[in-house]
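Protein chains: 4
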Amino acid sequence: MIAITSNAISNERLTEIVQYIEKSGNQAHVSKGMDRTVIGIIGQANPTLAEHLRQMSGVENVIKISKSYKLASRDFHPEDTVIEIKGVQIGGENLVIMGGPCAVESPEQIDEIARLVKAAGGQVLRGGAFKPRTGPYSFQGVGVEGLVMMKEAGDKHGLLTITEVMAPEYVDVCAEYADILQVGTRNMQNFDLLRKLGTIQTPVLLKRGFSATYDELLNAAEYILAGGNPNVMLCERGIRTFETYTRNTLDLTAIPVLQGLSHLPVISDPSHGTGRRELVATMSKASVAAGANGLIVEMHTDPDNSMTGDGVQSLFPHQFAELLQDLEKLAPLMGKKFETAKAPVASFR
Amino acid sequence: MIAITSNAISNERLTEIVQYIEKSGNQAHVSKGMDRTVIGIIGQANPTLAEHLRQMSGVENVIKISKSYKLASRDFHPEDTVIEIKGVQIGGENLVIMGGPCAVESPEQIDEIARLVKAAGGQVLRGGAFKPRTGPYSFQGVGVEGLVMMKEAGDKHGLLTITEVMAPEYVDVCAEYADILQVGTRNMQNFDLLRKLGTIQTPVLLKRGFSATYDELLNAAEYILAGGNPNVMLCERGIRTFETYTRNTLDLTAIPVLQGLSHLPVISDPSHGTGRRELVATMSKASVAAGANGLIVEMHTDPDNSMTGDGVQSLFPHQFAELLQDLEKLAPLMGKKFETAKAPVASFR
Amino acid sequence: MIAITSNAISNERLTEIVQYIEKSGNQAHVSKGMDRTVIGIIGQANPTLAEHLRQMSGVENVIKISKSYKLASRDFHPEDTVIEIKGVQIGGENLVIMGGPCAVESPEQIDEIARLVKAAGGQVLRGGAFKPRTGPYSFQGVGVEGLVMMKEAGDKHGLLTITEVMAPEYVDVCAEYADILQVGTRNMQNFDLLRKLGTIQTPVLLKRGFSATYDELLNAAEYILAGGNPNVMLCERGIRTFETYTRNTLDLTAIPVLQGLSHLPVISDPSHGTGRRELVATMSKASVAAGANGLIVEMHTDPDNSMTGDGVQSLFPHQFAELLQDLEKLAPLMGKKFETAKAPVASFR
Amino acid sequence: MIAITSNAISNERLTEIVQYIEKSGNQAHVSKGMDRTVIGIIGQANPTLAEHLRQMSGVENVIKISKSYKLASRDFHPEDTVIEIKGVQIGGENLVIMGGPCAVESPEQIDEIARLVKAAGGQVLRGGAFKPRTGPYSFQGVGVEGLVMMKEAGDKHGLLTITEVMAPEYVDVCAEYADILQVGTRNMQNFDLLRKLGTIQTPVLLKRGFSATYDELLNAAEYILAGGNPNVMLCERGIRTFETYTRNTLDLTAIPVLQGLSHLPVISDPSHGTGRRELVATMSKASVAAGANGLIVEMHTDPDNSMTGDGVQSLFPHQFAELLQDLEKLAPLMGKKFETAKAPVASFR
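Protein chains in written order, with the numbering used here: chain G, 1 to 349; chain Y, 1 to 349; chain F, 1 to 349; chain C, 1 to 349.
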C-alpha cells in the first residue's frame, strides 16, 4: 500500500502521518520526488488503515500495490535509487564500470589489473575470491587471501571493489574487505543468503538467475530490502535458452523492463552474457544504449592462462580501454555521465 | 580413473591393490559386480600410477574417466546403488513411494495424512517444515516444530520421513528428525549446502534444478559424494520451458538417461513436474514405465485449504490410494517390486 | 458455441435444431455421446441465436466456447475421435504402432522393413519420400518414386502407410499413394499447407512444432478441421529446451493434456523425441503409460548406413519386435487393446 | 571450398581460374575485397580440384569450408553484402529504417502512415497484406488488394515497400507489387517457399524462426542463395524463452554473431521482439548500438484499433519520429549513416 502526498505538505505533517502509520504496527518508507512524496507502507493488512489515511489532510491518495514485491517496486518508490559508496554514485544518471578478472590469482595479478582498470576509467574492481563451480574438482578460488589482495589493490589505485559471496557464513568476512557484495546467478534464490544480506548495509549486486523471470528477480531483491538493506542493484547476465553458440542469451530488454518495474539500478554483464571475447565490446555498447546504469566486464592481462578457464570471455586491457572511450561518447546520448582519462589505447597493450 | 579386476581375484589381492592405491595418495572405492570388480580411484593425477596398476597381477584393465563427475558415474560404480533405511530399500528393483503434504501444518494434519499414506502402501512421509518461497511475504513453513510433528507421525505409522533442508546451518537439526534430506530445485547448486551434506551419512534426495542439465545435476551429486556421503538419490521434478500450461515440463527421459550415466536411484516428482492434480496419476504411471526407482507425490486431505497454495497439485487420499493400486500392477512389468495392502479405495474418501 | 440436448431427444427434433442453426448461416457439428448430444456451432457471432436455441424444446443448455479453437476442442466434441482406415482404428481404446525407416531408400529396403514391421505386430509403415532438411545440400529424399515403393510394400504386407507432405502442391500426389499424411514439426504453422489438407479427407498426423505450445498445436489442427477434414491426429515429438544431451525433450505430459483439451487421438514419437536409440524403447513404454493412442517409431535394418544420418535413433528390428511384445502386456493396464503375432524376438535378428 | 588470390592478379588470370572451376562442373562465386579476392566454389566434392587450384599461379591458398552453409558464410564472401534497391542501399555502412502498420487496412490508412514514415526519415514502408495467424478465425489480411494499396502509397511518398509472403504460390504476385519480400518467423524452414524465393531476384528479408539457432537461420538463407538469389537480409525478431513478460526475448547478440558468421545485412525487429510499445524505442537504439544494419518497426496512427490486435506493440507517429531523430545522433558513433529531415516531433502528433 502506498499513500501519496503533495509536495506542498510540511515536514511536520509528513512526520505525523509516518508516526500514525508506525503506531498502527506498520513500517513507513518515505520517497520524495519532484512532484509528489510517496509513503510506502509494509505490514499486516489492516482494512481500516487505508480508510483512515485517505481522510488525513495532506494525503492525496492511497493505493494498494498488487505486486508480490513491494519495496523493490517503482510504485512504492518512484524515484531512482542512487547508491553512494565513497563518492561513487551508482544509479540515476551515472554510468559505472566494474572491471577485473574472473578470479583473483595473485597480488601481482590483481594489482596490475587494478592499475589498468583505473587508467582506463573504471570505478570498481571486480574479482572472485570464492568461486562457484559446477563440479567439486574445479579451482574453487583462493578464499579470504584473495579478499585481502583485492582490498589492497583497490585501495592503492582508488577503486571500489566487488566480490561474490557464496553463503551466509561468508557475508561478514566479505563485507569487511569488499565495498559491494555480489550474489551469483546460482544463488539468486538462496533465501538464507538473501536474508543475511538484508541484515547489513553493504551494497549488493544481485545477479539474475540464469532461468529466473523478472518477477522472481524482483522478489529475490525484496528479501534483501525487506531485511533492512536498501542498497541493492540488479544485474542482467544472460539467460539459458536453446541457443548454444553463446554461453547465455543476454536479455537486454531486461534493462528497461526492470527500470520500469523497479527503482533499483540495473547493471549488465556482457562477459557472462555472451561468453565470447569478440562479442563483449559490442554488447557493452548495446547495454548502455538499452539504458544500463553500469557494466561489469571481465578483463585479464593474460586471459589464455586464467585459472578458471573463463579467459575466453575476458577482454585484453587495450580492448577494455578502447571500449570505455567509446562509452564516453555514447553515454551522453543516453542521458548518462561517464568520463575516462583519455589515455592512449596503445599504452594498454 | 578405474581399475578393473576379475571376480576370481582373492580378497587378499584386492586389499593389496587398494592399499597400493591409498599409499600413492589417492582414494579407492571398491564396487563388486556380478562379473567384475571395479576400483574407482580419486585423487591427484599421477601419470605413473596407471602404468603400475596395469602391471599388477589381478588387474585386467585401467581406464581414464573423462566425465567431470567421477563417484556419481556408472563407469566408476557399475552396480546400482541401493540405499537401505530402516529396512526400506531405495534403488535397484524396489519402487518406493513418498507421499504427503507440501507443508506440515499441524500435528493432526500430518498424523492423518501419515495414516493414509501408510494405508495406501507408501513407505515414506514427505512434508515441508522449512519452505523456500519466491517472495519474502509468503508462508515460510512452521520450522523445527514441523520436524517434530513429522517424526512423531512417521514413527507412529511406520513410515520413513523426508523433508527439505534449505541451508547448511539447518542440516544437523533436519538430520536429527528426518530420515531423508531433500535439496530443493533452487538449491541444487548451493555448493556450501552440498558440501555440508557430504559430511553426514543421512540419505539425500537431490532435486534437479529447474534449468539444470543432466551433467550439472550429476556434478552437484558429486559434491555430496566427494564429501563422503554415498547415499544420494536424484530427482526429476520438471524443467522450465516455454510451455506455461503446466507448472514445469516433466522430463521423463531424464530417468533412463540418469540411470545410464549414474548408479544412483532416480525418483520422479510428478506433482511439481505438472502442477496440476488431474495430471499427477497419469504422469506417475509414465514415470514408473520410464524406469523410476520411486515417486514423491503430494497428497493432502484438504488441498483447497493448504497453507502454501500448492493444493492444486495435491492428490486427494482416494486418488493416491487408487494410484498405488495401479502401480502395484504396473511395477512388475517394469521389473520392479511394489505391494499395497489393497484396502478398498472407497475407504479413503 | 455449443448446444446440449438430452439423449432422449428424437432424431426428428435433432434434425430440426440442426436445420435451424444452418438456416441462421452457421455450421452445425453433431457429436453423440453416452449421456448427451452436443451440437457444435461454428459461424458468425449472432447474439440472438443463443437465446433462440436456449428456448427450443430439447435443448438443455447453450454454452459459449472461450477457446480460440472450436472443432478441436473436447467441449465441442466430448467423445473421442476414432479414425478408421481400411479396418484399422486410431483413437479411443486402440493402440496403433507405426514403424519404419526415416527415409525410403530402395524397393528392397522398404519391402524388408515392411515385412518386419508387420511380423512384429505393427499396423502402419512409416517412411519419408520428401525429407525436410536444415540445409540445402543434405539428402532431400527420393521423391515420388519413394511413394510408389512405400505403397507397394504396404499393400504387399498388409500395412497402412504414412509419409510426410511438405508443401500444398504435393498434397494430392502424397494422398494418392499414402493412407496418412504427416505434417512435420517445422510445418506445423505452414498455414497454406494446413488449409490444403482441410480440403481432402485423407487422415493427417500433425506433429507439434518443436517450440509450439499446446494451444498453438490445437489451433493448427483447427485449420485442418475448419477446412472440412475431421481426420486429424496430434503428435508429440519432443520440444526444444536447454538440454542438449537428447535431441529434443519429449514432453509426455502433452499426451494427457491434449487428450483432456481435445477429442483427437494423440501419437507419441520417441525416436525424434530422444534422438538416441538406447532411449526409444523405454520412452515408448512411458508414452503408452501416459495414455498415448499410438506410437511412431523409427526402425531400420541397417541404421548405421541410413541415408539421412538419423540411424542413431532407429531401433534394430529385434528391438522393435521386443518392444511391441512388451507393449502387448502394458497396453491392457492402460485400457488399450494391442496384440502381436508373438513371433520369437530372436527371429528378427 | 574457397580459393584465395592476391589483388595483384589480372582480370584475365582471374577469368581463367573461374573458367577452370566451371569446367570441372562446379560453380564459382567471386568476391573482391580490399586486400584479396575470394572465389567461392560450390559443387560436387572433387578431391583433385583443390590440389590443381593450389598449383595454379595467382592462387595463394585453397581452404575447405566446414560449415554446412557456404554461400551465406563470411569465409566464402568476406565483404559485406550491400543490396541496392532503387537507390537505397541496405547493408554495409547504411542504416535503413522500415516502418508501418502490422496490416494494411485501407488505402487511407496506408497512405497516411506512408506519409508519416517518409516525413520521419524512413526509407521503407512495411505492411502485411497476407497475415499468418495462429488460429483460422482471426483476421487473415486483406490479400492482393493490400499489395496494390501499399504500392500506391509507397510510390506516392517515395518509399520502398516490404510485405510478407506466406506460400510459394504467392511469391510472384507479391514480387510484382513489393520491393522486398519478408519470410515470417513460422516459415523460416518452409523449404519450398525458400526454394521458390531462390528463383527470383527480389530481395528477401528472412526472419529468424522463434526457436531457430543461428546455424539454422544461416542454412535457411543458404536455400535462397543456393537457388540463385543473392539478395537476402537476415532479421532478428525475438526468440521464445521462459520469460513471458515480453512477447519474445530479443536476442541482440544475434546481430554481431550473424555479422561475424555471414556477410548478409542484419535487421532488427524490436516490435515483435518485445511486444510492448514502451520498450520499442529503447530496444531500437540498443539494436543500432549492437550493429544492426536496419530496423523494422511497427507504427500506426490508431494502434488501439488495429485490425490484428498487434497495436500494443506499435509506436505512435510522434514516437517513431522522435526515435529516428535519436538514431540520427547514435548512428555515426556506430559507423553508420542515417539522416532524417528533422521535422519537429510535435508535428507528428
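These aren't lab readings, by the way, just hints derived from the structure by calculation. Glycine included, each C-beta is placed from N, C-alpha and C at the ideal position. A couple of the hints might just be wrong.
[To be verified] Label pairs and their in silico Cβ distance ranges:
id : chain 1 : residue 1 : chain 2 : residue 2 : range
1  : C       : Val-173   : F       : Ile-63    : 22 to 28 angstroms
2  : Y       : Ser-347   : F       : Lys-337   : 29 to 35 angstroms
3  : F       : Glu-328   : Y       : Asp-302   : 56 to 62 angstroms
4  : Y       : Glu-112   : F       : Gln-55    : 57 to 63 angstroms
5  : G       : Thr-244   : F       : Glu-84    : 40 to 46 angstroms
6  : Y       : Ser-347   : F       : Glu-79    : 52 to 58 angstroms
7  : G       : Glu-79    : Y       : Glu-152   : 48 to 54 angstroms
8  : C       : Pro-47    : Y       : Asp-80    : 49 to 55 angstroms
9  : Y       : Leu-333   : F       : Glu-84    : 41 to 47 angstroms
10 : F       : Lys-337   : C       : Gly-143   : 28 to 34 angstroms
11 : G       : Gln-140   : Y       : Asp-80    : 37 to 43 angstroms
12 : C       : Gly-143   : F       : Lys-156   : 33 to 39 angstroms
13 : C       : Pro-47    : Y       : Pro-47    : 50 to 56 angstroms
[What the hints assert, rightly or not] Pairs of lysine-lysine residues, derived as DSS-like cross-links and limited to a Cα-Cα distance of at most 27 angstroms, are as follows:
id : chain 1 : residue 1 : chain 2 : residue 2
14 : C       : Lys-86    : C       : Lys-329
15 : G       : Lys-336   : C       : Lys-86
16 : F       : Lys-23    : F       : Lys-86
17 : C       : Lys-342   : G       : Lys-329
18 : G       : Lys-86    : G       : Lys-32
19 : F       : Lys-342   : F       : Lys-32
20 : C       : Lys-342   : G       : Lys-342
21 : C       : Lys-342   : G       : Lys-151
22 : G       : Lys-336   : C       : Lys-336
23 : Y       : Lys-118   : Y       : Lys-67
24 : F       : Lys-86    : Y       : Lys-337
25 : F       : Lys-337   : Y       : Lys-342
26 : F       : Lys-337   : Y       : Lys-329
27 : G       : Lys-329   : C       : Lys-337
28 : G       : Lys-329   : C       : Lys-329
29 : G       : Lys-337   : C       : Lys-342
30 : F       : Lys-32    : Y       : Lys-336
31 : F       : Lys-156   : Y       : Lys-336
32 : F       : Lys-86    : Y       : Lys-32
33 : F       : Lys-32    : Y       : Lys-329
34 : F       : Lys-336   : Y       : Lys-342
35 : C       : Lys-342   : G       : Lys-336
36 : Y       : Lys-337   : F       : Lys-32
37 : Y       : Lys-337   : F       : Lys-156
38 : F       : Lys-337   : Y       : Lys-336
39 : C       : Lys-336   : G       : Lys-342
40 : G       : Lys-64    : G       : Lys-32
### Message
When the structure is checked against the list of hints, which entries are broken? Sort them ascending.
### Response
1, 3, 4, 6, 9, 10, 11, 12, 13, 15, 16, 19, 20, 21, 23, 24, 30, 31, 32, 33, 36, 37
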